[in-house]
Amino acid sequence: MKFLDEQQRNQVGFSFVMDKMKIITSYGLEERKNIVPFKATEIDKLTHELDSLESIIISMNSHVEEYNEIGRIFCKLKDIRNSIKRCSESKTLDEVELYEIKYFSILVTQLKNVLDKLQLNKEDVHLNSLDEIIYILDPQGTRISTFYVYDEYSKALKYTREKKKQKEKELFTAKTEESINELKQQRLDLVIEEETEELRIRKKLTLQISKQTEAINQNIQAIGRLDFLIAKANLSLTYNGTRPKICNEMKLQLISAFNPEVIEILEKNKKLFTPVNIDLNAGTTIITGANMGGKSVTLKTIVLNLLLGQMGFFVFAKNAQFPIMNFIHFVSDDMQSVSKGLSTFGAEIIKLKEVVESAKRENGFIALDEFARGTNPKEGYFLVKSLARYLTKLKSVSLISTHYDGVVEDNMEHYQVIGLKNVDFNNLKYKINENKTHSVELIQEHMDYKLEKVSKENKVPKDALNIALLLGLQKEIVDIAKSFYNQEE
Amino acid sequence: MKDNKDMLSIFQMVQKYDSISIIGMSKNVGKTTTLNHILKEARGKISLGLTSIGRDGEEQDIVTAKEKPKIYVECGTFIATAKQCLLNSDITREILKTTGFNTPMGEVIICRALSDGYVELGGPSVNSHMTLICDELKKFGSELVIVDGALSRKTFASPSITKATILSTGASLSKSMGVVIKETSHTVKLLSTENEVDDEILKLASGVLRSGRIGIIRRDNSVKILDVITALGASKEIVEFLDETTSHVVIKGVVSDHLIEDIMATTKMYRGVTFLVEDGTKLFLTRDTLYKFKVHGGIIKTLNPINIVCVTCNPRSPYGYEFDKDRFLDGLRNNLNVPVFDVIGGESK
Chain F
101 MKFLDEQQRN QVGFSFVMDK MKIITSYGLE ERKNIVPFKA TEIDKLTHEL DSLESIIISM
161 NSHVEEYNEI GRIFCKLKDI RNSIKRCSES KTLDEVELYE IKYFSILVTQ LKNVLDKLQL
221 NKEDVHLNSL DEIIYILDPQ GTRISTFYVY DEYSKALKYT REKKKQKEKE LFTAKTEESI
281 NELKQQRLDL VIEEETEELR IRKKLTLQIS KQTEAINQNI QAIGRLDFLI AKANLSLTYN
341 GTRPKICNEM KLQLISAFNP EVIEILEKNK KLFTPVNIDL NAGTTIITGA NMGGKSVTLK
401 TIVLNLLLGQ MGFFVFAKNA QFPIMNFIHF VSDDMQSVSK GLSTFGAEII KLKEVVESAK
461 RENGFIALDE FARGTNPKEG YFLVKSLARY LTKLKSVSLI STHYDGVVED NMEHYQVIGL
521 KNVDFNNLKY KINENKTHSV ELIQEHMDYK LEKVSKENKV PKDALNIALL LGLQKEIVDI
581 AKSFYNQEE
Chain D
180 MKDNKDMLSI FQMVQKYDSI SIIGMSKNVG KTTTLNHILK EARGKISLGL TSIGRDGEEQ
240 DIVTAKEKPK IYVECGTFIA TAKQCLLNSD ITREILKTTG FNTPMGEVII CRALSDGYVE
300 LGGPSVNSHM TLICDELKKF GSELVIVDGA LSRKTFASPS ITKATILSTG ASLSKSMGVV
360 IKETSHTVKL LSTENEVDDE ILKLASGVLR SGRIGIIRRD NSVKILDVIT ALGASKEIVE
420 FLDETTSHVV IKGVVSDHLI EDIMATTKMY RGVTFLVEDG TKLFLTRDTL YKFKVHGGII
480 KTLNPINIVC VTCNPRSPYG YEFDKDRFLD GLRNNLNVPV FDVIGGESK
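Going down the list, the sequences are from chains F and D. When you read off a place in the first sequence, starting at 1, and then add 100, the result is the number in the numbering used here. When you read off a place in the second sequence, starting at 1, and then add 179, the result is the number in the numbering used here.
No lab work stands behind these hints: they were computed from the structure. Where hints are given, some of them may not hold.
In the DMTMM-like style, the derived pairs of lysine to aspartate or glutamate whose C-alpha atoms are separated by at most 25 angstroms in a straight line are [claimed, not checked]:
#, chain 1, residue 1, chain 2, residue 2
1, F, K191, D, E253
2, D, K276, F, E195
3, D, K249, F, E262
4, F, K191, D, E322
5, F, K265, D, E273
6, D, K318, F, E270
7, D, K276, F, E169
8, F, K265, D, E253
9, F, K303, D, E253
10, D, K318, F, E195
11, F, K258, D, E253
12, D, K276, F, D548
13, D, K276, F, D179
14, D, K504, F, E277
15, F, K263, D, E286
16, D, K276, F, E270
17, D, K276, F, E252
18, F, K275, D, E286
19, D, K249, F, E297
20, D, K276, F, E154
21, D, K249, F, E252
22, F, K263, D, E253
23, F, K284, D, E253
24, D, K219, F, E270
25, D, K317, F, E195
26, F, K185, D, E419
27, F, K269, D, E322
28, F, K269, D, E273
29, F, K176, D, E273
30, D, K249, F, E278
31, F, K284, D, E220
32, F, K176, D, E286
33, D, K249, F, D179
34, D, K219, F, D548
35, F, K176, D, E220
36, D, K224, F, D194
37, F, K265, D, E322
38, F, K284, D, E273
39, D, K276, F, E462
Given the structure is predicted, the values throughout are model-derived calculations rather than measurements.
Construct all of the structure, not just a fragment, from the sequences and the given hints.
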């Protein structure tokens, strides 16, 4: 998968965002099922898509009532694709199908009226008039949505029905078993006559409708498109999304980016999300920082927004800029292959091989979350360092989070989670001593999840030892550890 | 014997309700005859809505289109039935609405009969869908909605969603008239089990039904939900939590002999405790078990009442035997405290 597999999309919060879309019609759901990232050659298309979204958002803000009306009509629309398919295959439609097509056509007319008021001037949500179909299926001209094979379709039908009605009347007043049976037989003969005539009429109607199937199918597409666009716009309005700037150079910039799924989880615990600010270029960027410092969340937030942008969504940020990527790869140790019997490390390597292969061919975005964390630290460090160095040579944007020290080299960018750097350590320790059961929460409260750009000389902070201390690891052990730290310095 | 003279006709009895259901003790007891009988009596008087509780599983598969009961309706009747059943009907019909509720026989469609004729009924099998469909039928203009119901473990929809219920019984149940009368009387008793009236308890109980299968309500109105998969084999868990503080036990689903006997065999704490079931159709208890339970001080009440307005009987069995229709009718009338009608043989006296 060049743009994450199902499980990864789940992990970064993409599936969450898709579920938050309030798509109403089955046609809109179909549209969502088929979304793919735009290709590098399709920058015009992507720009057009973002234009469409922008104009819908503007339109929605100024026409609230009209869009509510559209929502109400959407709710009534049923999936008639199967009937339309049968119709174009010249299979005779039954009364229920004819009813559904008639109702659909009436709803399309209503929808068209609302859309005319909005003056969207958008080709892909243009609706064809289905007046012809309504005319065919409403011979009485009542504009009521119900349907039956109307007497108006044929004199013969009307005549048969009258005769049948007469028999039914007689049947009701008949006294003897014999006359009842005789009338029943006569009625049955008329029922057969009626059904034959009805079938002939349904065939004719099917044929007439089949000439309109293209117009109907175009409308189905347009409705799906409109439903999808409105849902996308609503998403952006709900979360205060931003139109991303699509550039040509390999530059990725996010200001105050966020991840709705993580926000929702944090909100449940009454906590706030720290927005992500980052500036990435072709080559390697390293994020270092303490344990519990939110490096994974940062990566997921970047991946999510980049992916959404590639698909023509507004992104969750104050400001965003990036080019069309040929791929987005995300390597983390909770990948699916783990469950296939590979060790975490094994799975990472296999995925990495694939990533490098595709990065050799084309340019995209690579995110590696704590790569080689699962193997022995010395070897892991060498591997991360080699990988980081190798990736500087490529045109792709690579982002590696690690807590190995000394990976960063001159030609790499380096971001660090501020973490507990600016915390009054003794004060925090005092607080934790006062309230030992909430030590983790207290640390989280004081943790500064913000990223800061640092020079390569910056060492990875010794937050691990600090956190161990705060969480109350036995002093005996901490003391030994401290002596090791001192030896190193 | 009770005097049935000056009695109202079936139609007159149900006319005051806006919805009724008809359920049968077994197959071939004249349920369809009863329905047709009411349709005939109602003819020209009020506007009817018709639907049926769908039967899931085996029954539905075996019953072929031909064997499905055909019902003769009057022009103007509103019908909610599965698409396949609708297309098998011979009335001229106007399609009013599709419901989006699916059955093995297709989506449930609402239509209006534009002529007299035969219809096949096949409806939803879920209570909530049934309630919505009844509402739709009323909205289109039905003054009385009749639900062709089912009395079987296989259906989830229950007659308790209608305001009144008619029970059909007949010779096809057993060759012995005595057995048929006894069984019918027992079923009427079970179905019309006393309803819980305490609003507070009803509220707590509906909370239990939403969140689990079984719940214990204590005298202080606190609730303990038991972690069981079905009510059928849950006696152990129930017994474990029964103590002097227990006032009610709420049971979702079927209450069987097995369950009640297990409880009686292992504890005495059930005395004075009220066992609440969804409605009378969920009670699958023999007379003996029910009797023993009550004598020992157990109480059973329902959350949703079933209002049995009358019983109809069919003295003929399709298996080739027939009861004396007068003796059968008299026997039933002497043993039941609801009116009994013979819609097949009619009144001979």
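Hints versus structure:
no.: 1; hint: F:K191 / D:E253; result: violated (32 angstroms)
no.: 2; hint: D:K276 / F:E195; result: holds (11 angstroms)
no.: 3; hint: D:K249 / F:E262; result: holds (23 angstroms)
no.: 4; hint: F:K191 / D:E322; result: violated (39 angstroms)
no.: 5; hint: F:K265 / D:E273; result: holds (16 angstroms)
no.: 6; hint: D:K318 / F:E270; result: violated (32 angstroms)
no.: 7; hint: D:K276 / F:E169; result: holds (21 angstroms)
no.: 8; hint: F:K265 / D:E253; result: holds (11 angstroms)
no.: 9; hint: F:K303 / D:E253; result: violated (28 angstroms)
no.: 10; hint: D:K318 / F:E195; result: holds (22 angstroms)
no.: 11; hint: F:K258 / D:E253; result: holds (19 angstroms)
no.: 12; hint: D:K276 / F:D548; result: violated (59 angstroms)
no.: 13; hint: D:K276 / F:D179; result: holds (14 angstroms)
no.: 14; hint: D:K504 / F:E277; result: holds (22 angstroms)
no.: 15; hint: F:K263 / D:E286; result: violated (32 angstroms)
no.: 16; hint: D:K276 / F:E270; result: violated (31 angstroms)
no.: 17; hint: D:K276 / F:E252; result: holds (21 angstroms)
no.: 18; hint: F:K275 / D:E286; result: violated (39 angstroms)
no.: 19; hint: D:K249 / F:E297; result: holds (23 angstroms)
no.: 20; hint: D:K276 / F:E154; result: violated (37 angstroms)
no.: 21; hint: D:K249 / F:E252; result: violated (29 angstroms)
no.: 22; hint: F:K263 / D:E253; result: holds (16 angstroms)
no.: 23; hint: F:K284 / D:E253; result: holds (15 angstroms)
no.: 24; hint: D:K219 / F:E270; result: holds (15 angstroms)
no.: 25; hint: D:K317 / F:E195; result: holds (23 angstroms)
no.: 26; hint: F:K185 / D:E419; result: violated (60 angstroms)
no.: 27; hint: F:K269 / D:E322; result: holds (23 angstroms)
no.: 28; hint: F:K269 / D:E273; result: holds (20 angstroms)
no.: 29; hint: F:K176 / D:E273; result: holds (19 angstroms)
no.: 30; hint: D:K249 / F:E278; result: holds (20 angstroms)
no.: 31; hint: F:K284 / D:E220; result: holds (20 angstroms)
no.: 32; hint: F:K176 / D:E286; result: holds (16 angstroms)
no.: 33; hint: D:K249 / F:D179; result: violated (31 angstroms)
no.: 34; hint: D:K219 / F:D548; result: violated (80 angstroms)
no.: 35; hint: F:K176 / D:E220; result: violated (38 angstroms)
no.: 36; hint: D:K224 / F:D194; result: violated (32 angstroms)
no.: 37; hint: F:K265 / D:E322; result: holds (24 angstroms)
no.: 38; hint: F:K284 / D:E273; result: holds (23 angstroms)
no.: 39; hint: D:K276 / F:E462; result: violated (55 angstroms)
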